[in-house]
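S.K.: I would like the entire structure built from these sequences, with the hints used as guidance.
First to last, the protein sequences are chains V and G. Counting from 1, one number per residue, gives the positions in the first sequence under this note's numbering. Counting from 1, one number per residue, gives the positions in the second sequence under this note's numbering.
Rather than coming from a laboratory, the hints here were simulated on the basis of the structure. Where is the CB? At the ideal position from N, CA and C, for every residue including glycine. There's no promise every hint is true.
[Claimed, not checked] Quick partial rundown of chain G residues pointing at chain V, CB under 8 Å, derived from the structure: (1) D13; (2) D15; (3) F16; (4) A19; (5) T20; (6) L22; (7) I23; (8) K26; (9) V47; (10) A87; (11) K112; (12) P113; (13) K115; (14) A116.
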Amino acid sequence: MAENRERGHILIIDDEDSIRDGCRQALEKSGYFVLVTGEGQEGIRLAREDHPDIAYVDLKMPGISGMDIIDVLSREIPDIVLIVITGYASIVSAVESMKKGAYDYLPKPFTPDQLRAVTQRALGHRNLIIEARKLKDEKEQMERNFITFVSHEMRSPLVTIQQYIESLKIICDDSLSEEAMGIIERCEKRIQNLEDLIEHWLDLSRIENGTLIQKKEPVNLDALIAWSLDEMMPLCQRRGLRLESHIKTEIPPVAGDEESLKRVFINIIGNATKYTPAGGTISIQAEADELYVSVSISDTGSGIPHEKLPFIFEPFYRGRGKEDRYRGSGLGLTFCKKIMDAHEGSIEARSEQGKGSTFMLRFVR
Amino acid sequence: MTAKKKILVIDDDRDFLMATKLILEKGGYEVFLAEDGKSGVEMVKSVAPDLTITDMMMETWGEGFTVVSKIRSMDAGKEMPLIVLSAVDLQGPYQSYEPSEEFPKVDMVLHKPVKAQDLLRYAEQLLR
Numbered sequence: 001m002a003e004n005r006e007r008g009h010i011l012i013i014d015d016e017d018s019i020r021d022g023c024r025q026a027l028e029k030s031g032y033f034v035l036v037t038g039e040g041q042e043g044i045r046l047a048r049e050d051h052p053d054i055a056y057v058d059l060k061m062p063g064i065s066g067m068d069i070i071d072v073l074s075r076e077i078p079d080i081v082l083i084v085i086t087g088y089a090s091i092v093s094a095v096e097s098m099k100k101g102a103y104d105y106l107p108k109p110f111t112p113d114q115l116r117a118v119t120q121r122a123l124g125h126r127n128l129i130i131e132a133r134k135l136k137d138e139k140e141q142m143e144r145n146f147i148t149f150v151s152h153e154m155r156s157p158l159v160t161i162q163q164y165i166e167s168l169k170i171i172c173d174d175s176l177s178e179e180a181m182g183i184i185e186r187c188e189k190r191i192q193n194l195e196d197l198i199e200h201w202l203d204l205s206r207i208e209n210g211t212l213i214q215k216k217e218p219v220n221l222d223a224l225i226a227w228s229l230d231e232m233m234p235l236c237q238r239r240g241l242r243l244e245s246h247i248k249t250e251i252p253p254v255a256g257d258e259e260s261l262k263r264v265f266i267n268i269i270g271n272a273t274k275y276t277p278a279g280g281t282i283s284i285q286a287e288a289d290e291l292y293v294s295v296s297i298s299d300t301g302s303g304i305p306h307e308k309l310p311f312i313f314e315p316f317y318r319g320r321g322k323e324d325r326y327r328g329s330g331l332g333l334t335f336c337k338k339i340m341d342a343h344e345g346s347i348e349a350r351s352e353q354g355k356g357s358t359f360m361l362r363f364v365r
Numbered sequence: 001m002t003a004k005k006k007i008l009v010i011d012d013d014r015d016f017l018m019a020t021k022l023i024l025e026k027g028g029y030e031v032f033l034a035e036d037g038k039s040g041v042e043m044v045k046s047v048a049p050d051l052t053i054t055d056m057m058m059e060t061w062g063e064g065f066t067v068v069s070k071i072r073s074m075d076a077g078k079e080m081p082l083i084v085l086s087a088v089d090l091q092g093p094y095q096s097y098e099p100s101e102e103f104p105k106v107d108m109v110l111h112k113p114v115k116a117q118d119l120l121r122y123a124e125q126l127l128r
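M.R.: The following block contains the structure:
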């Protein structure tokens, strides 16, 4: 019996003896492995046990209805192809059952040839589905490998250049002129930019293929804000900026991926430091209502021109000039938006030129 | 005068090896280089270094692990200080790899590129 597996396993669920026998004979003659039953529950049990390739289901039976069987099998048995056997009077319900997941229907009475033709087509359909899924899995696997590959291949040369620069500095010790040191520093900065770009690009790819945010756990945003403050304080102090937080209400935890959310905060605060002149303030506020937890990060910087606001989350869009201070990967805000999307949250920017910008993150409670 | 301490560096990137060698030599060490895991493991035996620094992602993702376990299973390598130096953030949250119990103990995991002063400081620490 088992040797017929490659030829196809077929389950017939029909309460008419003559149909069951006829189908079995016709299909076994063509080399298929056939299971038959006249009872719906038994049919479901057999399907769970045998995982047939095709099941023929009579719509009108005593006990559990054919429609319900279709429903259960299409959900439970992977890749099963369901075909409805139906009298002419019930064509309408046959159509209905196809909406529920049946692939085809076979009106009674039918000849053995018709049965075999429908069976063959159904098997062809099943093979296509399986083939398509295999290709899709393969493609996803390749994409994942591609990311690892690119990460390694693009970063290796940069890492080596950086290591050479390190060795150059230590070999030359104090003998390098100020001018030469300046050049080395500029090289380092540009390499760092390129590394950031690769890192951000990888992050975006990881979000797209779902490897970045795999599990969501309760995240305490107030703790996360405190962490971001600690993390960004040295930079703010260097740039002469005040960094503060105001938590207005008790903040309930939100479901999220803490590491990526941390990076959203660091990104936005980092941006604010670039566009806020010394003496300015960056402040983080958080509040919660019955539906949402909202965090806003405001600065007293130069603001974003009104006409540019709609584009700032686009990849590689740059609001500002090419000055060093503003240089970034061009992917930071795109990353933030994707992360927020993946959290079913939102990110918005408001800005008034000359007065500052506010980025609002909103999470569903 | 005491003999120079010996450091073996294993990495499949020749330029990276050169850069690391320049730094370590500046620190007064005698530096040996191996461009693949196999010759690295052999050199642990033939050179008997005082410290070994190895890359993780050579040829295949797993080769670094193999190198570490081979070294640890050798007499010359059982107690020797061992630094893993990798561009992959092994301790980061985004890597599928997590050190498991059967992963042989290393003394330090460093991230590439490593600052010259840091590398020399850590080497000195482990060789004390």
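S.K.: Take the hints in turn and mark each one as holding or not.
M.R.: Going through the hints against the structure:
1. D13: holds, 6 Å
2. D15: holds, 5 Å
3. F16: OK, holds: F16/G within 8 Å of chain V, min 5 Å.
4. A19: holds, 4 Å
5. T20: holds, 6 Å
6. L22: holds, 4 Å
7. I23: It holds, given that the least Cβ distance between I23/G and chain V is near 5 Å, below 8 Å.
8. K26: Since chain V brings a Cβ to about 5 Å from K26/G, closer than 8 Å, the hint holds.
9. V47: Since the shortest Cβ distance to chain V is 22 Å, the answer is violated.
10. A87: holds, 5 Å
11. K112: holds, 5 Å
12. P113: holds, 4 Å
13. K115: Nearest chain V Cβ about 6 Å off; hint holds.
14. A116: holds, 4 Å
Consistency with the previously given hints fails for number 9 only.
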